[in-house]
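Fit chain B to the given chain A structure using the hints.
For the protein sequence lines, the chains are A and B, in the order given. Numbering that gives the first Met the number 0 puts the last residue of the first sequence at 568; the count rises by one with no breaks. Numbering that gives the first Met the number 0 puts the last residue of the second sequence at 182; the count rises by one with no breaks.
Calculated from the structure, these hints are not laboratory results. Do not take every clue at face value.
To be verified - The calculated lysine-lysine pairs, modelled on BS3-like cross-linking and capped at a C-alpha distance of 27 Å, are:
{"#": "1", "chain 1": "B", "residue 1": "Lys-163", "chain 2": "B", "residue 2": "Lys-93"}
{"#": "2", "chain 1": "B", "residue 1": "Lys-69", "chain 2": "A", "residue 2": "Lys-316"}
{"#": "3", "chain 1": "B", "residue 1": "Lys-75", "chain 2": "B", "residue 2": "Lys-4"}
{"#": "4", "chain 1": "A", "residue 1": "Lys-302", "chain 2": "B", "residue 2": "Lys-93"}
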Amino acid sequence: MNMAKMSGAQALLEALKRQKAEVIFGILGGANLPIYDALLDSEIRHILSRHEQCAAHAADGYARASGKPGICMSTSGPGATNLVTGIANAYMDSSPIIALTGQVPTYTPDSSYMIGRDAFQEADIIGITTPITKCNFQVKTAAEIPRTVKTAFYIATTGRPGPVLIDLPKNTQADVAEMDFSDGIEIRGYRPKSEPHPLQVKKAAELLVGAERPLILAGGGVITSNASQELLEMAELLVAPVATTLMGKGSFSEDHPLSLGFIGMHGMRAANQLILESDVLLAVGTRFSDRSTGKICTFCSDKKIIQVDIDSAEIGKNVDIDIPIVADAKMALKAIHDLIIKQVKSKKDSVWFRRVKEVKEQLLNNVSSEEGKYLKPQALLKELRKILPSEAIVATEVGQNQMWAALFYKALKPRTYITSGGLGTMGFGFPASLGAKVACPDKPVVDIAGDGSFIMTEQDLACSVEEKIPVTVIVLNNSMLGMVAQWQRFFYNRRYSAVKLGHVPDFVKLAEAYGAQGVRIGSLSEFSKAVKKAIKSEVSTVIDVPISPEENVFPMVPVGKGLDEMTVG
Amino acid sequence: MGEEKTHIISAIVENKPGVLYSVANMFRRRGFNIESISVGPTEQEDLARMTVTVRQDEKTLDQVVKQLNKLIDVVKVSILDPASVVTREMALVKVHVSETKSRSDITNYVEVFRGRIVDISPETLMVEITGGSDKISAFIDLMKTFGIKEIARTGITALSRGSKAVKIEEEFGGKQNGKSILR
Numbered sequence: 000m001n002m003a004k005m006s007g008a009q010a011l012l013e014a015l016k017r018q019k020a021e022v023i024f025g026i027l028g029g030a031n032l033p034i035y036d037a038l039l040d041s042e043i044r045h046i047l048s049r050h051e052q053c054a055a056h057a058a059d060g061y062a063r064a065s066g067k068p069g070i071c072m073s074t075s076g077p078g079a080t081n082l083v084t085g086i087a088n089a090y091m092d093s094s095p096i097i098a099l100t101g102q103v104p105t106y107t108p109d110s111s112y113m114i115g116r117d118a119f120q121e122a123d124i125i126g127i128t129t130p131i132t133k134c135n136f137q138v139k140t141a142a143e144i145p146r147t148v149k150t151a152f153y154i155a156t157t158g159r160p161g162p163v164l165i166d167l168p169k170n171t172q173a174d175v176a177e178m179d180f181s182d183g184i185e186i187r188g189y190r191p192k193s194e195p196h197p198l199q200v201k202k203a204a205e206l207l208v209g210a211e212r213p214l215i216l217a218g219g220g221v222i223t224s225n226a227s228q229e230l231l232e233m234a235e236l237l238v239a240p241v242a243t244t245l246m247g248k249g250s251f252s253e254d255h256p257l258s259l260g261f262i263g264m265h266g267m268r269a270a271n272q273l274i275l276e277s278d279v280l281l282a283v284g285t286r287f288s289d290r291s292t293g294k295i296c297t298f299c300s301d302k303k304i305i306q307v308d309i310d311s312a313e314i315g316k317n318v319d320i321d322i323p324i325v326a327d328a329k330m331a332l333k334a335i336h337d338l339i340i341k342q343v344k345s346k347k348d349s350v351w352f353r354r355v356k357e358v359k360e361q362l363l364n365n366v367s368s369e370e371g372k373y374l375k376p377q378a379l380l381k382e383l384r385k386i387l388p389s390e391a392i393v394a395t396e397v398g399q400n401q402m403w404a405a406l407f408y409k410a411l412k413p414r415t416y417i418t419s420g421g422l423g424t425m426g427f428g429f430p431a432s433l434g435a436k437v438a439c440p441d442k443p444v445v446d447i448a449g450d451g452s453f454i455m456t457e458q459d460l461a462c463s464v465e466e467k468i469p470v471t472v473i474v475l476n477n478s479m480l481g482m483v484a485q486w487q488r489f490f491y492n493r494r495y496s497a498v499k500l501g502h503v504p505d506f507v508k509l510a511e512a513y514g515a516q517g518v519r520i521g522s523l524s525e526f527s528k529a530v531k532k533a534i535k536s537e538v539s540t541v542i543d544v545p546i547s548p549e550e551n552v553f554p555m556v557p558v559g560k561g562l563d564e565m566t567v568g
Numbered sequence: 000m001g002e003e004k005t006h007i008i009s010a011i012v013e014n015k016p017g018v019l020y021s022v023a024n025m026f027r028r029r030g031f032n033i034e035s036i037s038v039g040p041t042e043q044e045d046l047a048r049m050t051v052t053v054r055q056d057e058k059t060l061d062q063v064v065k066q067l068n069k070l071i072d073v074v075k076v077s078i079l080d081p082a083s084v085v086t087r088e089m090a091l092v093k094v095h096v097s098e099t100k101s102r103s104d105i106t107n108y109v110e111v112f113r114g115r116i117v118d119i120s121p122e123t124l125m126v127e128i129t130g131g132s133d134k135i136s137a138f139i140d141l142m143k144t145f146g147i148k149e150i151a152r153t154g155i156t157a158l159s160r161g162s163k164a165v166k167i168e169e170e171f172g173g174k175q176n177g178k179s180i181l182r
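With the rest of the complex left out, here is chain A (with noise of 0.2 Å):
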C-alpha cells in the first residue's frame, strides 16, 4: 500500500508513522489547523506544551534519551519563531529534531501568491533556520509531503545528526492529492560517510601502541554513536584514562578506575591535569569547543593529537590535528582497537597509570555537607547519585546547577546525562526532562535547575500533570542568576548588576497552583526522603533547595587561559 489519495496533513501524520515516529510536542494555530484536524484519527501521540520553546527542548530531550529523532510542531509566525532557540539548541548539541511549522498558504483564494506578502502570522521561518538547521524544505504541494518527511528524516538522523525543518503551508496541509510513499530519495550533495580510512587507522594505531601516556577524550560523538562499549574496550586495553567533554558525559561510566571525569572551564581538576600531562590524545566525538579546551596553545602543547569525528568540517577547526580519521565514532574505535589488540602489552603497572592514580587521588574536588544555615548544593548532587538507579536520567539547566551537576553527580551510563552544552539555553533541563520521561517511561527522569533558569520554562508544569509525564524538579534557590553573578564576583569587583532575582515565587506553591506537588527541604536527609517519594510519585515533584547566594562554582579556568590555570576556590 504506497500508494493513496489522501489529504497533505493525512499523508504528513502517514509518513511519520512510517518513520516509526510515536509522539509529537507541539502547539497548534490558525496555519496547522488541517494537521491538528488529521491528528484525531492518528495513533500518534501529541503532547500540548505550553510554549513552542518547550516543544523543541521536549523533542530535543526525547532523541537524546532515545536516541530516536524527536518531533515538534508549531503554527506560523510566533509559535515558529517561538521554536527558533530549541532549534538552535539542538544544532549545537547535533540532537536529531525535526521540526514542522505551519505556514501560511501558498496561494490565496483568489490565486494570488500570499507567502511573501507579510500575511496575518507570516515569518521567514526558512530564512531564519537556515543557520541552525543541518537542513529545511518548504514543501510547495501537497503531492511533495511523502517525500520530503522521508528525506528530512534521513538528513536529521545520519552522518552528524541535526535539527530538520519542514515548513508546511496551509494549502498543502488540506489539499488531496495522490500520495506516494514508495519514493525513494536521492540527495546528490549529502553522503555521509562513516568507514574510516584504513591508512588513517594504520597511523592512529602505530601511534597509540607507542605512546607512553596516551589519554582519550570522548565527546557527545560517542554517546550519538552508541560507541560506549567500544570506548570502554579501547580503554582498558590501551590502560589510558579516559576524560569526557561536558557533552560527553556519561560516554563513560564515572565509576571506572580510568574515569576522569569532564574536563574544561569548571572541569575535574585530574582531568584537566592530566590532559595536558598526555603524550598522544585520542579525541572522538568533540568539536573541542572553547569551554573544553581553554587557551588552545596550552592545551595542545607537546602532544600529537587524533581526532575522530564524523563531520571533516570539525577536523582542524579549533585545534591542529595531527591524525585526523573522519568516521562513526563506533566503527572507528572498532577499526582502530582490531589493529592494536595484538600489540599491546598490559601497561596496568605503567608510569602513566600510576600517575593517573596518583593525581586522581591528590587533586579530588572535597566539599563540606553543610555550612551555617545552607545545603551544600556539592554534597547534595553526591547524595543524589546514591539515591538514584544508575539507568535514570538527569537533565540540567544552564549556569552553576550544571556545573555542580557534571561535577559531583557521576553519569554512569550513556543517554543518561542530558545538558545544554553548546548553546547553553536556560530553560532547556525541565521540558527536555519531559521529553526523555516520555521516552523513557519506566527510568525516573530528574532535573536539576537553579530558580532563575526553572523560571524560564516552568509553565510546562501544566503540561506534565495534564500530560501525566511524572519529573522531579530538584531547584538550587539562592535568588541569583548563579552564574553570572560569579563571574560578577570575581571579575567585576563584586559590582552585582541585575544578578538578584529579589523576590523568587515560593516554588512550593507555584507547583501546587499547577497540581504538582512542592516540598521545601532544609536537610541531607529530608532531601534524601523527598526524592525517593518524588521519583515514586505519578505527579511531578518540584524540590526547593535553598543554597547560598555566595556559593561558587570551583574549580575554575578563567576565559582566555590555560587547563592548568585553574582556580579552586
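Leaving out everything else, chain B in the frame of chain A:
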C-alpha cells in the same frame, strides 16, 4: 595565521531557490569574505555553478571548502589550480566623453584592450570588456582619466583547462546512483 592568497572555488550546487542564500549566509556567519561570486546554470539544467573568489590563508580556505561541502544543496566543491585555469570577468564601463579627441582616444584604448563599444550617446560611451581581472582593472584605471559614470563588473567565472572537469555525471549520472538511497 598563514599568508592570504586569492583562491577560486568552483561549486556545483542544486539549481533551486534558496541555495545562493544558504551559501552566502554560511560565508557571512563564519566570517569568511567573498571577493566575488558569479552564478549560472550548467550543462545540466538542475545544477548551477558558483564561482567564488576568496582571499584567505590555507587553513581558512580548508574550512571554507569543508563548510561548503557540508551544505546539503552543494553537490561538489573544487579549488581551481591557478596554474591550469581559465578565468574571465566581464565589465561594462560607461565613460564620460566631452570632446571628440577623447572619443577617439577611448576608441583606440578599447581596440588595444580588445573591448567593444556597445552604446553611444552624445555625452557617453559604453564599453564591454572581457578578460582576467587584472586586465579589467587596468582598463578601468585608464578610463578614470576621462571620467567614469558607471561600472558593472560580473565577478570572476572560471573553468579548469583540458579534459579535467568539475562535473558530477561520473558519480551520479550512472544507473547505480540514479536509484534511490532509501526505500
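Next pair to validate is B:Lys-163 with B:Lys-93; report whether the Cα-Cα distance is within 27 Å. Judged against 27 Å, a Cα distance of about 38 Å means the pair is violated.
Between A:Lys-302 and B:Lys-93, does the CA-CA distance stay at or below 27 Å? Violated, at about 60 Å.
Holds or violated: B:Lys-69 to A:Lys-316, with C-alpha atoms at most 27 Å apart: Roughly 14 Å between the alpha carbons, so the hint for B:Lys-69 and A:Lys-316 holds.
Can the restraint linking B:Lys-75 and B:Lys-4 be considered satisfied, given a maximum Cα separation of 27 Å? 22 Å, holds
Hint compliance for this structure: hints 1 and 4 are not met, and every other hint is.
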